[in-house]
Each structure stands twice: as C-alpha cells, then as structure tokens.
Amino acid sequence: MTDIAAPPALTLGQRIDFTSDAARARVRARYRAEARFRLYGLLALVVTAIFLLVLIADILFRGLPAFLHHSLVLDVAVPSDLVEPQKRGDPAAIRSADYFPLVRDALKAAIPGIESRSAEKTLTRLLSTGAADHLAGLVAADPSLIGRTVRVPLLLSADADLYLKGTGTRIAKRWGRGIATPSGVSGEVTIRSSASDFADDLAAVKTLLAGRARQLAAEADRLQRTGSPAVAGRVEELRREAGELHARAGQRQTEETLDASMPSLLVAIDGGLVKATKVSATTVAGEVLLPLSSQAGARGGEWSVNTYITPESARRATDQEIAFLERFRELGKVERHLNTIFLLSGDSREPELAGIRGALVGSALTLLITVVLCVPIGVMAAVYLEEFAPKTRWTDLIEVNINNLAAVPSIVFGLLGLAMFLNFFGLPRSAPLVGGLVLALLVLPTIIIAARAALKAVPPSIKEAALGVGASHQQAVFHHVLPLAMPGIMTGTIIGMAHALGETAPLLMIGMVAFIVDVPKGFTEAATVLPVQIYLWSDLPEVGFQAKTAAAIIVLLLFLFAMNGAAIWLRRRFERRW
Amino acid sequence: MDMPAQSAFTGEQAGHDRKPAAKVVARHVDVFYGDKHAIKDVTVDIAERSVTAFIGPSGCGKSTFLRCINRMNDTIPGCRVSGEILIDGNDIYDPALDVVQLRARVGMVFQKPNPFPKSVFENVAYGPRIHGLARTKADLEEIVVTSLKRAGLFEEVKDRLGDPGTGLSGGQQQRLCIARAIAVEPEVVLMDEPCSALDPIATAKIEELMGELTERYTIVIVTHSMQQAARVSQRTAFFHLGTLVEFGDTQKIFTSPTDERTQDYITGRFG
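Chains A and B are the protein sequences, given in the same order. Count the first sequence with my numbering and you get residues 7 to 584, in order. Count the second sequence with my numbering and you get residues 2 to 272, in order.
Keep in mind the hints are simulated off the structure, nothing from the lab. Some hints could be false.
[As the list claims (entries may be wrong)] Below 30 angstroms or equal to it, Euclidean Cα-Cα: the simulated DSSO-like pairs (lysine-lysine) are:
id, chain 1, residue 1, chain 2, residue 2
1, B, Lys159, B, Lys119
2, A, Lys114, A, Lys462
3, A, Lys469, B, Lys119
4, A, Lys93, A, Lys179
5, A, Lys462, B, Lys206
6, A, Lys339, B, Lys41
7, B, Lys159, A, Lys179
8, B, Lys41, B, Lys119
9, B, Lys150, A, Lys469
10, B, Lys138, B, Lys119
11, A, Lys397, B, Lys41
12, A, Lys469, B, Lys253
13, A, Lys397, B, Lys113
14, A, Lys469, B, Lys37
15, B, Lys37, A, Lys462
16, B, Lys41, A, Lys469
17, B, Lys159, A, Lys462
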C-alpha cells in the first residue's frame, strides 16, 4: 500500500491488529460461529428431509399395495341355455342373463363337497360383486363362449384381497405324530389320534385361561382398592370368574372348549380341514370347514395341526374364509395382477371396484378451464397494470386489492361460486366448468402478481432499444418485454396450477361432493376431482378404501410432478430460444 | 425548402463558405425533472450530414438534451420539456406528431450496447419489419446486409447471422446496435457515449465508422472524451450545469475557446 502524504488532521488510528492473541482468538471465534451456522443450516435441511421421507414412505407403504389385486382363476362352465337360441346374437340379452349361478357353480366345483348353506354363502361372498358382471362382459364380447367352459380370472372381494396381502393372521403348522382317524367327512366330527398329539394345544389353552384369570383378579384388586361401595358387586363377580378359570387351568387331563378369543386350532386331514371346538390330549371335536375326501385314517406325517395365531375375534377374516382362501392358494388358483380397475374405472361403493379415472378426468377438465381462463386474463392484466396504466390512486388501489385477493381463504371463493355461478347464472352443479371458474378466480391473483414481478425484472435497456428503433410502446412490450418475462410468468403459472390442483374446499362448496360413478365426458357433466375423491374415500368405513386413499394420493402427487415437469420443460424451451 | 448542394463536409476543408443547412434546430429549450431544472434555455443548431459533439462534465445535462431530440425523455415520468425543437422545420413536440415515426427518423445508439436477445439478423431486421420497409423476404435480407455493411460489421458476422446478438464481443455489439439504428434509414443518429464501454481498438473502429456515416446521416454524439470529440466532430457544444456555454467549430473550441469555463474544462481544470 503506498503511503499518501496527508496533512496531520487526516491521520487515522492504528492499523487493524492481526497478530496478537486476542486477534487470533477472535478469528477462531469467527470460524466457530461460521461452522455453527453451517451446522444449523444442515440440521434444518435434515429435519425437513426426514419429514419428507417419512411422509413419502408412509404414503407409499399404504398406497402401493392398492395397485395390485388378487383374483381367483376358475373354470366356469357357460351353459348353452344361458340365453334363448334366437337371442344369441343380441349382446344386450347376453349381458342381462344371470351369471351368478355360473360363478357359484364354478366355486363349488373348485372345492367339492360343501353342504351347509352358510359355508356356501361364505364361499360366494369371497368374490367381488363385480365378478359376475365381468364374466357377463366377456361372454357378451365373445358369444361363442356359450356352451363352453372358459377359464376366467374372477376378482376377489376387498376383504379377501386384504387377507391375501398378508394382513390376516400368521399360521403355524405342525405335523401330527400318531395315526389320526376322523369320525365323518362333513358337519360335526371328532378326530382321534393314537398319540397325545394335542397335549401341547391343550396346555396352551390352559395357559391362556390362567393368564386370563390373573387379569381378572388384578382387575378385581384394582376395583377393590378404589374403596367405592358401588363396585362391590362387580368385584365379587370378577373374583368368582377368576376362581373358575383358575380351577379349569389347574385341572389336568380334561377337555377344554375353545372360543373365538383364543387362537384357532385346526386339523388338516384327508384333504379336508376341521376346526376344533373342543380339545383334549388325544381328541379334537369340531366342525368341518373343508370337506374331507374320505374317513380313512392318516398316518403320522400325513396330517397336520394348524394354528391361526390371531384369535378370530381380533381379525376380520373368519376361519371359514381363511380355510377357503388357503385352499385356493394351495390349488394354485390365486393370481395377483396389476389393478387396472383402479386406473380405468370410476368410483364405486365396493372398494375392489373403485377406480380413480373419474376423478382424474374431472381434475384434468377442471384444470384445463382454469388454465385457459387464468393465464391470458392474468398476463394481460399484469401487462396493462405494469406497462400501460397511468400511475394514479386507482391503480394503487387495484394493486393492493389484488394482493389481498391472493390471501383470501379458498373456501370463500367456493361460496362466491355457489352464489354467482350456480344460483345466479344457473350453471350445472359439480361440473368442471364451474369448478374451473372458481379455481380461476382463486389462482388469478397469484398469476397477476408473478407476471408483474417478471415484467418488472426485464432490463429497461431492452425496451429503450426497441423504442429507439421506432417501435411503439405496445410493440416494445409485446415483441420484447413479454417474451423475456415468459420464464417468470411460467413459474407463476406452475405455482398457481399446483395450488389449484390440490384445492378441495371451494369445490366441495359447488357440489363436487357427490358420489359420481361415471367418468365425465364433457365440461358440463357432473364430475369430481382428485383431492375431493381422496377426501370422500378417506371417510368411508370399508377397510379396503384405506389403501385406495393412499393410492389416490400417490396418483395426485404423480399428476403434480408431471405438470411441474411439463412446465419446467416449457420454460427451458423459452429460455433456450433466445 | 431550398436544399443547398450536397457535399462531403469535413472540418478541414477550409474555404468552404457555404454554411451547412441546419437539420435540427433547438430554441430556448428547458427540461424539468419534477422540480429540478435540468436544462436551462439551450439554443443550438445541428448541421446536417456532419458530426456534432456535446461535451461537458458529468451531470451537465448533455445526455438529457440529446434524449430530447428523439423524445426519449417522454418515457421518464415527471419530465417536462418546454421550448422548440425543429427537425427540418417541423416542431417535434407538436401534439399532432407521431412520436413513433419521429423515432424512426431519429435513431439512437446507447452507452451500453443493448442488442435484443435475438439473432444478429433479427436484431437488424426488427426495425424495417415493423415499419414495413421490406415487401419481400429478399428485400429484408438486402436491408439487413446493407446495414451491416454500412456499420462495418458484415464481414465479421456474415457466417453467423443466426447466432444470438448477445454472443458478440462488446465492440461488435455496439456496431450491431448502430446497424440496427441505421437499418430504418433515419435522418439523424444520436449516439450517447457509444464508446465508453469499449476498448480502444473497438473505439477506433467506431470512430472511423462515424466518418463514413456522415455521408448519409446527421450524427450527434455525446462524449466524455475531449480527444474523441476533437477527432470525430465538426462542431462541438460545451454544456455546463444545464446551460450551453459555448458552441462552434471543433477546431475553434479546442484551440481558442471564448468562454473561460470552456477553457477550464478543456485544460482539465475540472470535469
């Protein structure tokens, strides 16, 4: 640094101290502060990432199973007298025939020997109500199937499907040691074993009873300790029950009755399955779930004792249903495939038949109206306000109010839509046209604000250059300023559209809360949109809809990513052209 | 109006006793930015087909006055211009006059090169296109090529007319801006410190260009560099604090100025 000779009055103080200990300590403190700041930033990022990952993992975990579905592949005999001979060429007549008996017979053919009506009912209810319809569609499409036997995958009900996806129970299997002899092939039977094959099971039951006795005693103690006289009667009861159970648990070599609150005990023998209602060390008495093929005795290693570990009262699938499904699985008749119904069908009351197509199309139509309305109006308004409007008090007022509108809660726009579009103008309820209008009002302020910011950011030298060459103000704006502002405008549009895609409240107000089964074909037909569909499904009681809700969320997110991707691509194209 | 015979007029041609016709005539021009009185009662004649230089210290109003000639000050809110500015005898501040057409007749080159973010060809073709100067594509191409040649840029860009104008070097960009300005065949070209952002070699090229351009156009240049004014201009005006202090032949201003302020500025006493 050169010294500049200066008059004494201008002398500054000492130079900065770089070398003393205090100085070095300051430097170290500064480094530490910087490192701390970087750490905080990193922590913030990590926390956000964790939230995001947990959210995505949860959605994927819940939703991905919905994209697969199980069917039963059965040989269905289509009788030649399904429809009258003269109507064989009439698809309508073929479709309206009764296909349920065909399906039922196919089921019974797969598991022969079922006699009780209740078992038969359980069997037929394993399939979805749409399975017969599906068969009807197949035969109507190809009438040559009449009189033939056709192998057809039949959709399983949501509950059966859920069981097969592994949410039922664990099954423990153990081979029998002695020779087991059944007393019958159906109904109530007894199975006698030459060895004490069931001793362990009996012991397990007794342990359970002892545990239960302890629980009751503890409960009685607790109530007694409260000292309240009103519970004295209950305490008595509990103690008595505990005593009984304890006695039962203590006795040896006796028969125990099984109930639904205990793990289910079953014996698989002679190609059939028996559910135990009473068990002793050597015998099991119970009812037949799957008919036995014969009463022949089975040697050790040819029959097994199966336990369904979760008690029947704690799970959705009954023992009979599980028996059937496991048998179908063993027969190799269960098929897992991609759930195209989810993507190709409209909504339904049955979880396994419900699809998202109606909501997807509805969302697409609604967003189309929104874009077509918002973007031109918003961009033109921004151009006018920014470039052509005289700067008066009125324009200031308008600008303030546009910012206010951007902050208005979305449900207010729904009320506005209800009052104006539905009641005053009489537009059809729940139509994408009205939904699009409401969303356009919602998104318009955002686009105007973003477009104005983008226009302001264009360097004024470009406009001056255009004016200097003799362009009018209008030409300068439209030929030069607006194209340069396009990337910013597109960003604003993306943000606005993403916002609109996820809006539920205003659309509920204009009636999109109805249960719409058909896929909308036009802008004035009743429709629903993805977020509303998610909301409706999340409210339904059937367990099958839980996975569907998560799957719908996945579809919504993918739709969003696709839209964002398209917009980013468009923006890059605009930028590259220059 | 009677037009005197055209001739290539340079400052060194002594003995030429015919005064060149005044293309731009300013009488008692005042410019206000809000309450600030930026230009005070300026009266000056700009001779046609010559280079007139405006010199003066920073903030003296020379750029402001320049921008009055093509009414670019209209874009600045709160700017008022009073007085008379005539081009070929017509008052350019007449409300009946179309500003857009005025700006096609009076072109401008700015301090920092500002080509449009389009191709070289499109930069030059924009003006002719919006003014309808070309009827066919071939006409347009001819205009573009001619303008680029007149700006001395054609040889350097003839192979990359489709490349973006912003990809050229600084000196090339400024010549592109000059080509763009002359493509609409203006009568006057205003240059606001065109070389201040360029290196000496690019500057020399543009100064050479200016000499050639005077064959067809009247040029007014604002410059910080007195040497440049001495090199390129035939007449020079010295501005100081918003007033026109002295105006005359360049030779005379730089060798024997009449006003003391001019003398001080030229000798480097201030500014």
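Each hint, compared with the structure:
| no. | hint | verdict |
| --- | --- | --- |
| 1 | B/Lys159 <-> B/Lys119 | 16 angstroms, holds |
| 2 | A/Lys114 <-> A/Lys462 | 75 angstroms, violated |
| 3 | A/Lys469 <-> B/Lys119 | 14 angstroms, holds |
| 4 | A/Lys93 <-> A/Lys179 | 53 angstroms, violated |
| 5 | A/Lys462 <-> B/Lys206 | 35 angstroms, violated |
| 6 | A/Lys339 <-> B/Lys41 | 100 angstroms, violated |
| 7 | B/Lys159 <-> A/Lys179 | 87 angstroms, violated |
| 8 | B/Lys41 <-> B/Lys119 | 40 angstroms, violated |
| 9 | B/Lys150 <-> A/Lys469 | 26 angstroms, holds |
| 10 | B/Lys138 <-> B/Lys119 | 18 angstroms, holds |
| 11 | A/Lys397 <-> B/Lys41 | 28 angstroms, holds |
| 12 | A/Lys469 <-> B/Lys253 | 39 angstroms, violated |
| 13 | A/Lys397 <-> B/Lys113 | 29 angstroms, holds |
| 14 | A/Lys469 <-> B/Lys37 | 25 angstroms, holds |
| 15 | B/Lys37 <-> A/Lys462 | 26 angstroms, holds |
| 16 | B/Lys41 <-> A/Lys469 | 28 angstroms, holds |
| 17 | B/Lys159 <-> A/Lys462 | 35 angstroms, violated |
The earlier numbered hints that this structure contradicts are 2, 4, 5, 6, 7, 8, 12, 17.
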